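A.B. asks: Following the hints, put chain B in place on chain A, whose structure we already have.
Here the protein sequences line up with chains A and B, keeping their order.
My numbering numbers the first residue of the first sequence as -10 and each following residue consecutively.
My numbering numbers the first residue of the second sequence as 3 and each following residue consecutively.
Honestly, the hints are just simulated from the structure, not real lab data.
Treat the hints with care, since some could be wrong.
Simulated crosslink set (PhoX-like; lysine-lysine; CA at most 20 Å straight-line) [unchecked claim]:
1. K150(B) to K135(B)
2. K135(B) to K252(A)
3. K252(A) to K169(B)
4. K247(A) to K15(B)
Here the structure is a predicted model, which means the values were calculated and not measured.
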Amino acid sequence: MMMVDLSLIEPASFFIIVSSVINMAFSLALVITLLVNFFRKKTVGTFMLLSSYFLFSLTSAFSIAYRISLIYNEGVMTDTIYQMGSLTPMIILPAFAFLYFFGCRHILKDNEIVKTYLFAIIMVIYGLITAVIAYDNIYTNSLFSEPTYITNDVFTISYTWPILVAQIVISIFVTSRIGIRALRLARKSDQPIRKRGLQTIGIGVFLYLLAGLLSAFDSSISNLPALMITVSAFRALAYATAYVTMYLGWVMPAWYRKMIRKKSWFEMQYQQLQKR
Amino acid sequence: MSFLQRLFRTRTKHADITICGLDDAGKTTILRFLETGEFVDTTPTMGVNRETLHLPNLQVNVFDLAGQEDFRNMWHNINEKSDGIVFVIDRSNVMRFDEAKEVFEQTIHAQLDQDLIILILLNKSDEPNVIEKSLFIEEFNLLDLPFKWAVFETSAKTGDGIFNSFKWFVDEFIG
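With the rest of the complex left out, here is chain A (with noise of 0.2 Å):
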């Protein structure tokens, strides 16, 4: 078995390392508790929420495990490792559109015909981006070692670019779009334990946004090791904020629920009647 000299590894890379990990850790409690809301409601859309937070943090763990065989083969790219890496966008897109039809079920009002559109113009999108992606793990192998392609013509074009923009796209519309609705419901109610909740869900969801789009600057800033360690680890805090703070909107714990509630008239009243 070959060994790694831990010395030869940068600290930059542990850190990234270390903080994708603890990331990861507070992906999979965030999992663990949808799953355990899902067997207590077993409900179609505690299943695509989970489903989509499943698939989220399966790519935070193909994520890691691609930067540890990477650092584990001294830089060399094998092919597994290189197929590991070609996984993240073909699970991320599934995993948006698990997000959207659950906001679709409690938070968004869209129509079946703008449904059916707009899941049609994401598995397009899902569908060329698997296209691509296959034909570069059979025949080329230079989608993310090699990002750039020299046409016949004078322009350089890069296939990494338009998936990331895809991927971009889809998911400032979908979070955003459910953030601010969950927002704007929040201010309209009137029950506390509703309106505190919807608040969570919206502030979580567009940190999440916020450490996604960190997460896609930072890997086109791996040129300047100081900026990156620094958004890096903004978007492991923006991550870990986001978890926490979605698994009190999402889930609603009972404790965070009697944190929000005030106490009940009839309370109030017995309380009282206790202290005399």
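C.D. replies: Here is chain B on its own, set in the frame of chain A:
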């Protein structure tokens, strides 16, 4: 009791109670009054409303069941597990007394727990032409009931009797 059992024994008791009664008797309005302390106009319940009361040494889970005929078949599933029943009657609606009595008897006879506590609320006391409490007790044969019970006159509009009735109920649980 061993030292460890005493150490980890929860001091807070838990009680599940259900609010039953015909539709439009005022069950949800009573529940909302307990929550807010004021009259809240409600819509017919579809399914179950749940409220938890956190009192000193007692946590009460209140299940407000839909009173429509279609939903009554579901009651026994929840009632079986409950420690107490609140039965709400619209005392101004003489036309539905027989129906209310039939439903009340069905609910009571389905109970297995002999320690069950029953609170009967003669609601809508603010309305004219209401049935007298003594006459109601006689009509509903309450004196023959094998459970601990009490009847209170209430109004979820004015709040009369709501606190006292539930206080009696809670005190019975705390013992």
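A.B. asks: For the pair supplied as a hint, K135(B) and K252(A), confirm whether the alpha-carbon distance does not exceed 20 Å.
C.D. replies: Not satisfied, since the Cα-Cα distance of roughly 32 Å exceeds 20 Å.
A.B. asks: Is K150(B) close enough to K135(B), meaning Cα to Cα at most 20 Å?
C.D. replies: holds, 17 Å
A.B. asks: K247(A) and K15(B) were given as a pair; does the straight-line alpha-carbon distance stay at or below 20 Å?
C.D. replies: Answer holds: K247(A) to K15(B) is near 17 Å, not above 20 Å.
A.B. asks: With the threshold set at 20 Å, check whether the alpha-carbon distance from K252(A) to K169(B) stays at or below it.
C.D. replies: holds, 16 Å
This entry does not satisfy hint 2, going by the numbered hints stated previously; all others are met.
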